[in-house]
Amino acid sequence: MIGILGLTVAGIAAATQLVTVAVDVTIDSGRAVVDARYRFQGPIDSVRLVLIKLRGQSVRMLSTEWTLRESAGLYEFGVAGAASSLPLHVRYEINGAVDRVPMFVPSIATAPGTSRVEIRVIGVGDFSVKDGFPRFSDDGRGGLVARPDNVPSLILLPRRGSLSINRLADAMVALLVAFGTAIWLARYWRRRTMSTSTSIPTPSPNRTP
Numbered sequence: 001m002i003g004i005l006g007l008t009v010a011g012i013a014a015a016t017q018l019v020t021v022a023v024d025v026t027i028d029s030g031r032a033v034v035d036a037r038y039r040f041q042g043p044i045d046s047v048r049l050v051l052i053k054l055r056g057q058s059v060r061m062l063s064t065e066w067t068l069r070e071s072a073g074l075y076e077f078g079v080a081g082a083a084s085s086l087p088l089h090v091r092y093e094i095n096g097a098v099d100r101v102p103m104f105v106p107s108i109a110t111a112p113g114t115s116r117v118e119i120r121v122i123g124v125g126d127f128s129v130k131d132g133f134p135r136f137s138d139d140g141r142g143g144l145v146a147r148p149d150n151v152p153s154l155i156l157l158p159r160r161g162s163l164s165i166n167r168l169a170d171a172m173v174a175l176l177v178a179f180g181t182a183i184w185l186a187r188y189w190r191r192r193t194m195s196t197s198t199s200i201p202t203p204s205p206n207r208t209p
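In this text, residue positions in the sequence shown follow this note's numbering: the first is 1, and each later residue adds one.
If you're looking for bench data, these hints aren't it; they were derived computationally from the structure. One thing to keep in mind: the hints can contain errors.
Claimed, not checked - Using C-beta positions, here's what the derived DEER-type ranges look like:
{"hint": "1", "residue 1": "R190", "residue 2": "N150", "range": "45 to 55 Å"}
{"hint": "2", "residue 1": "E70", "residue 2": "G142", "range": "28 to 38 Å"}
{"hint": "3", "residue 1": "E93", "residue 2": "G42", "range": "48 to 58 Å"}
{"hint": "4", "residue 1": "D35", "residue 2": "N150", "range": "15 to 25 Å"}
Unchecked claim - Cross-link-like lysine to aspartate or glutamate pairs, in silico, EDC-like; alpha carbons within 16 Å at most:
{"hint": "5", "residue 1": "K130", "residue 2": "E93"}
{"hint": "6", "residue 1": "K53", "residue 2": "D99"}
{"hint": "7", "residue 1": "K53", "residue 2": "E118"}
{"hint": "8", "residue 1": "K53", "residue 2": "D24"}
{"hint": "9", "residue 1": "K53", "residue 2": "E70"}
Glycine residues also receive a C-beta, built at the ideal position from the N, C-alpha and C atoms.
Required output: the full structure, derived from the provided sequences and hints.
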């Protein structure tokens, strides 16, 4: 009986998931318009969507169905279960530095291997593909496309030649390795010097007969 109940609960939990996400981002001179559609599956009482607050940016909702609340480091709004059974359409505008574009992340997660997330970006300009996040590629229509496993809290769109997250991380690792090596060498030579000085016998002073 307990085993059957466990399977039933597990089945309900597995059925409640975010099944598809389609996000279109349009970049235009210090402004990003994000058009996102989320589709859920399973019994849902409500879903909460959160957006991280980034310095140097302002957020304006273009979808007027919900009231955006602001808390410590986040913007958020909630949707009742009846509304979340339909494809949830969220449009908003980011003004300011748009090399980082925050995404609304739902409280209901995707299911690995079955859910589909697609993010398309147009108007990005001189973009460094290898330094972007998530991993973007050319969509063949003059834009970029990424298909991550989950909804990222933000997308990174660094310009070519700028200090990227990947290069910064590599530089930090190299600096830490060099610093650690320098400390090791300093300790090694100190120990060797001390060992040499203690192994050489000190000559006794000459005694006058």
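Hints, verified against the model:
At roughly 49 Å, the beta-carbon separation of R190 and N150 lies within the given 45 to 55 Å, and the hint holds. The hinted range of 28 to 38 Å is satisfied by E70 and G142, whose Cβ atoms lie roughly 36 Å apart. Separation of E93 from G42 is about 31 Å and departs from the stated range, judged on CB atoms against 48 to 58 Å. About 19 Å separates the C-beta atoms of D35 and N150, a value consistent with the hinted range of 15 to 25 Å.
For the suggested pair K130 and E93, the alpha carbons sit about 26 Å apart, so the restraint of at most 16 Å is broken. At roughly 14 Å between alpha-carbon atoms, K53 and D99 fall within 16 Å of each other, so this suggested pair holds. Restraint check: the Cα-Cα separation between K53 and E118 comes to about 22 Å, which exceeds 16 Å; the hinted pair is violated. Between K53 and D24, the direct Cα distance comes to roughly 20 Å. Violation of the 16 Å bound is thereby established for this hinted pair.
Using a Cα cut-off of 16 Å, the hinted pair K53 and E70 holds, with the two alpha carbons roughly 9 Å apart.
When the structure is compared with the earlier hints, violations turn up for hints 3, 5, 7 and 8 and for no others.
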